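A.B. asks: Listed below are the residues making up each chain.
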Amino acid sequence: MPVSIQVTTRSRNQMKDITGDVQKAIAEAGASDGLCTIYVPHTTAGVTINEGADPAVCQDILDKLEDLVPPNAGYRHMEGNADSHVKASLMGSSASVMVENGRLVLGTWQKIFFCEFDGPRTRKVYVSVSG
Amino acid sequence: MPVSIQVTTRSRNQMKDITGDVQKAIAEAGASDGLCTIYVPHTTAGVTINEGADPAVCQDILDKLEDLVPPNAGYRHMEGNADSHVKASLMGSSASVMVENGRLVLGTWQKIFFCEFDGPRTRKVYVSVSG
Amino acid sequence: MPVSIQVTTRSRNQMKDITGDVQKAIAEAGASDGLCTIYVPHTTAGVTINEGADPAVCQDILDKLEDLVPPNAGYRHMEGNADSHVKASLMGSSASVMVENGRLVLGTWQKIFFCEFDGPRTRKVYVSVSG
Numbered sequence: 109m110p111v112s113i114q115v116t117t118r119s120r121n122q123m124k125d126i127t128g129d130v131q132k133a134i135a136e137a138g139a140s141d142g143l144c145t146i147y148v149p150h151t152t153a154g155v156t157i158n159e160g161a162d163p164a165v166c167q168d169i170l171d172k173l174e175d176l177v178p179p180n181a182g183y184r185h186m187e188g189n190a191d192s193h194v195k196a197s198l199m200g201s202s203a204s205v206m207v208e209n210g211r212l213v214l215g216t217w218q219k220i221f222f223c224e225f226d227g228p229r230t231r232k233v234y235v236s237v238s239g
Numbered sequence: 109m110p111v112s113i114q115v116t117t118r119s120r121n122q123m124k125d126i127t128g129d130v131q132k133a134i135a136e137a138g139a140s141d142g143l144c145t146i147y148v149p150h151t152t153a154g155v156t157i158n159e160g161a162d163p164a165v166c167q168d169i170l171d172k173l174e175d176l177v178p179p180n181a182g183y184r185h186m187e188g189n190a191d192s193h194v195k196a197s198l199m200g201s202s203a204s205v206m207v208e209n210g211r212l213v214l215g216t217w218q219k220i221f222f223c224e225f226d227g228p229r230t231r232k233v234y235v236s237v238s239g
Numbered sequence: 109m110p111v112s113i114q115v116t117t118r119s120r121n122q123m124k125d126i127t128g129d130v131q132k133a134i135a136e137a138g139a140s141d142g143l144c145t146i147y148v149p150h151t152t153a154g155v156t157i158n159e160g161a162d163p164a165v166c167q168d169i170l171d172k173l174e175d176l177v178p179p180n181a182g183y184r185h186m187e188g189n190a191d192s193h194v195k196a197s198l199m200g201s202s203a204s205v206m207v208e209n210g211r212l213v214l215g216t217w218q219k220i221f222f223c224e225f226d227g228p229r230t231r232k233v234y235v236s237v238s239g
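Residue numbers (this note's numbering), protein chains in the order written: chain X, 109 to 239; chain E, 109 to 239; chain G, 109 to 239.
Chain X with its partners taken away, still in its complex shape (with noise of 0.2 Å):
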């Protein structure tokens, strides 16, 4: 059974290191050892794996999305935010990780990112590890 995890975003386009999150909803399903996903029930948000030492990776990657897919940019969907849904595919709604005795095995420089593309808003992320 997935757990649910809240997050709160203060931008438009953000991402937030969840990594203690995800770890801390491991530790709540009292799950050991398997594969844990990380899904985002939302279509302008995703999640993405990467450099959380430097926050400026982080910004550079929102930069160049915004360059690559900019807002109000001539598109048909009229709610001001298809820039955001067309991120959201780019980056994907869901990550995998392994777990090893309760802990996600990352890379050093690893954390797992909610991106944020239509905030600031409270969004909802589920964590489930199967077997």
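If you are wondering where the hints come from, they were derived from the structure by calculation, not from laboratory data. Some hints could be false.
As the list claims (entries may be wrong) - Here are the computed distance ranges between Cβ atoms for each label pair:
1. Gly182/E with Arg229/G: 23 to 33 Å
2. Arg211/E with Met186/X: 26 to 36 Å
3. Glu187/G with Gly210/E: 42 to 52 Å
4. Pro163/G with Thr230/E: 24 to 34 Å
5. Gly210/X with Asn209/E: 37 to 47 Å
6. Asp162/G with Gly210/E: 39 to 49 Å
7. Ala181/G with Pro178/E: 15 to 25 Å
To be verified - Examples of chain E residues toward chain X, derived with CB under 10 Å:
8. Gly128
9. Gln131
10. Ala135
11. Gln167
Stated by the list, open to error - Footprint (simulated), chain G over chain X, 3 or more residues, beta carbon under 8 Å:
12. 186-197
13. 208-218
Remember, predicted model here, so these are calculated numbers, not experimental data. Every residue gets a Cβ at the ideal spot worked out from N, C-alpha and C, and that includes glycine.
The hints should help you fit chains E and G onto chain X, whose structure is shown.
C.D. replies: Then chains E and G, alone, in the frame of chain X:
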């Protein structure tokens, strides 16, 4: 064992809602709880999860991909579908969704879309649930 | 428990076919049926599944990524590999493939590619199968 779904597309670029087919495959597999994987065994097609309410969203995604990766723009691959391969990797060949009590745990606006980039064709999608 | 594969790359940007290594890891793990996850624990590399028959396809993918995310284009991250991080998130840090009777269930033309964006380097990839 994966269940196979047949998808028929009708244009070169198309996002086709396969949520109902995936849900049916889960019922067929008798799966109740776990992680559903939707897998596309083709190299010029992909899968993504995004908004299904307004069809303009899918059209915007397809248009933006066409804008970023236009066909016949000096590629090396000589079959006329190099752009289709690039688009497939940008969307990805699989999607993951949790299953609870036999139902896909999707967000309110989320639908699962088969992404055709070299149609029209008859395609295959595999669906499996791991516990 | 994930099996670790070593991947040696020979240029800054490279897509390296690791299908055989992944298949070997599955045999090593003694896995018969389930979902294979290929996970890249690096932040300037990713993984994708695409065509392996014509090497031009991989070159086109790398060229298009370089075109969309050129190196040294005014990024904030000062290590000279900001583009590598962005490309990694566009491809993704994991791929999922079903396993049946101990064999990867890939499409006719599909191969699994480690995507190097900051090589040459010696890298690691984790492979696991969940039931």
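A.B. asks: Okay, which hints does this one fail, numbers in order?
C.D. replies: Numbers 5, 8, 9, 10, 12 - these are the hints that the structure violates, sorted from lowest upward.
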